[in-house]
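All chains, please: the whole structure from these sequences, using the hints.
When you line the sequence shown up against the numbering used here, it's residues 9 to 145, in that order.
Bear in mind the hints are in silico, worked out from the structure with no lab data behind them.
No residue lacks a Cβ here, since even glycine has one placed at the ideal position from N, Cα and C.
A hint or two may mislead.
Each computed EDC-like pair below joins lysine to aspartate or glutamate, with the alpha-carbon atoms no more than 16 Å apart [said to hold, decoys possible]:
{"#": "1", "residue 1": "Lys47", "residue 2": "Glu102"}
{"#": "2", "residue 1": "Lys77", "residue 2": "Glu38"}
{"#": "3", "residue 1": "Lys77", "residue 2": "Asp46"}
{"#": "4", "residue 1": "Lys77", "residue 2": "Asp116"}
{"#": "5", "residue 1": "Lys47", "residue 2": "Glu136"}
{"#": "6", "residue 1": "Lys47", "residue 2": "Glu137"}
Simulated restraints, written as ranges between beta carbons of each label pair [what the hints assert, rightly or not]:
{"#": "7", "residue 1": "Gln61", "residue 2": "His24", "range": "12 to 22 Å"}
{"#": "8", "residue 1": "Asp85", "residue 2": "Glu124", "range": "38 to 48 Å"}
{"#": "9", "residue 1": "Leu139", "residue 2": "Ile84", "range": "27 to 37 Å"}
{"#": "10", "residue 1": "Glu137", "residue 2": "Glu86", "range": "28 to 38 Å"}
{"#": "11", "residue 1": "Glu137", "residue 2": "Leu15", "range": "29 to 39 Å"}
{"#": "12", "residue 1": "Lys47", "residue 2": "Asp126", "range": "15 to 25 Å"}
{"#": "13", "residue 1": "Val98", "residue 2": "Ala58", "range": "24 to 34 Å"}
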Amino acid sequence: MFELADLILAVGRHIHVSKEVAGEQWTPLESAVMRFIDKNPGTSARAAAAATQLISSNFSRAVRSLEGKGLVRREIDEQDARRVRLYPTVRAQENLQRLRTIWSRELDGTLTDPAEIDVVIAALRRIEEQLVDRRRG
Numbered sequence: 009m010f011e012l013a014d015l016i017l018a019v020g021r022h023i024h025v026s027k028e029v030a031g032e033q034w035t036p037l038e039s040a041v042m043r044f045i046d047k048n049p050g051t052s053a054r055a056a057a058a059a060t061q062l063i064s065s066n067f068s069r070a071v072r073s074l075e076g077k078g079l080v081r082r083e084i085d086e087q088d089a090r091r092v093r094l095y096p097t098v099r100a101q102e103n104l105q106r107l108r109t110i111w112s113r114e115l116d117g118t119l120t121d122p123a124e125i126d127v128v129i130a131a132l133r134r135i136e137e138q139l140v141d142r143r144r145g
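Shown next as structure tokens:
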């Protein structure tokens with residue numbers, strides 16, 4: 009399993025470097041928060057902090073930074089004014105599309121069989137889900 013983890017980190021490093029070419033530089037914490045908000049628009053700050061396993065001060069700092077970059081917006085929850093909902097902005101969606109293009113180009117030709125790509129995606133998704141479940145324990 010060490011080799012698998014080592015390869016995941018190595019591939020992630022190459023992809024992270026290509027992200028910087030897109031003109032957006034984020035910390036790993038900001039990336040984790042943005043990824044969750046992109047996949048869960050309208051999430052509560054509490055749910056996003058728990059899902060990204062960040063303490064509230066680090067989570068708040070990451071959200072403030074993402075807001076400052078114009079990538080996240082906060083809205084008061086209509087059901088409970090004490091709560092805030094987090095949404096990706098139009099700029100975040102545009103940035104995500106640029107990243108999809110760059111990352112697709114970066115990985116183009118590394119795997120060519122659609123069935124093999126599906127197997128790799130499914131395996132990585134399962135690994136992520138199980139790691140998250142273990143941490144929630």
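Verification of the supplied hints:
no., hint, verdict
1, Lys47 x Glu102, "holds (15 Å)"
2, Lys77 x Glu38, "holds (11 Å)"
3, Lys77 x Asp46, "holds (15 Å)"
4, Lys77 x Asp116, "violated (29 Å)"
5, Lys47 x Glu136, "holds (14 Å)"
6, Lys47 x Glu137, "holds (14 Å)"
7, Gln61 x His24: 12 to 22 Å, "holds (19 Å)"
8, Asp85 x Glu124: 38 to 48 Å, "holds (43 Å)"
9, Leu139 x Ile84: 27 to 37 Å, "holds (33 Å)"
10, Glu137 x Glu86: 28 to 38 Å, "holds (31 Å)"
11, Glu137 x Leu15: 29 to 39 Å, "violated (19 Å)"
12, Lys47 x Asp126: 15 to 25 Å, "holds (19 Å)"
13, Val98 x Ala58: 24 to 34 Å, "holds (27 Å)"
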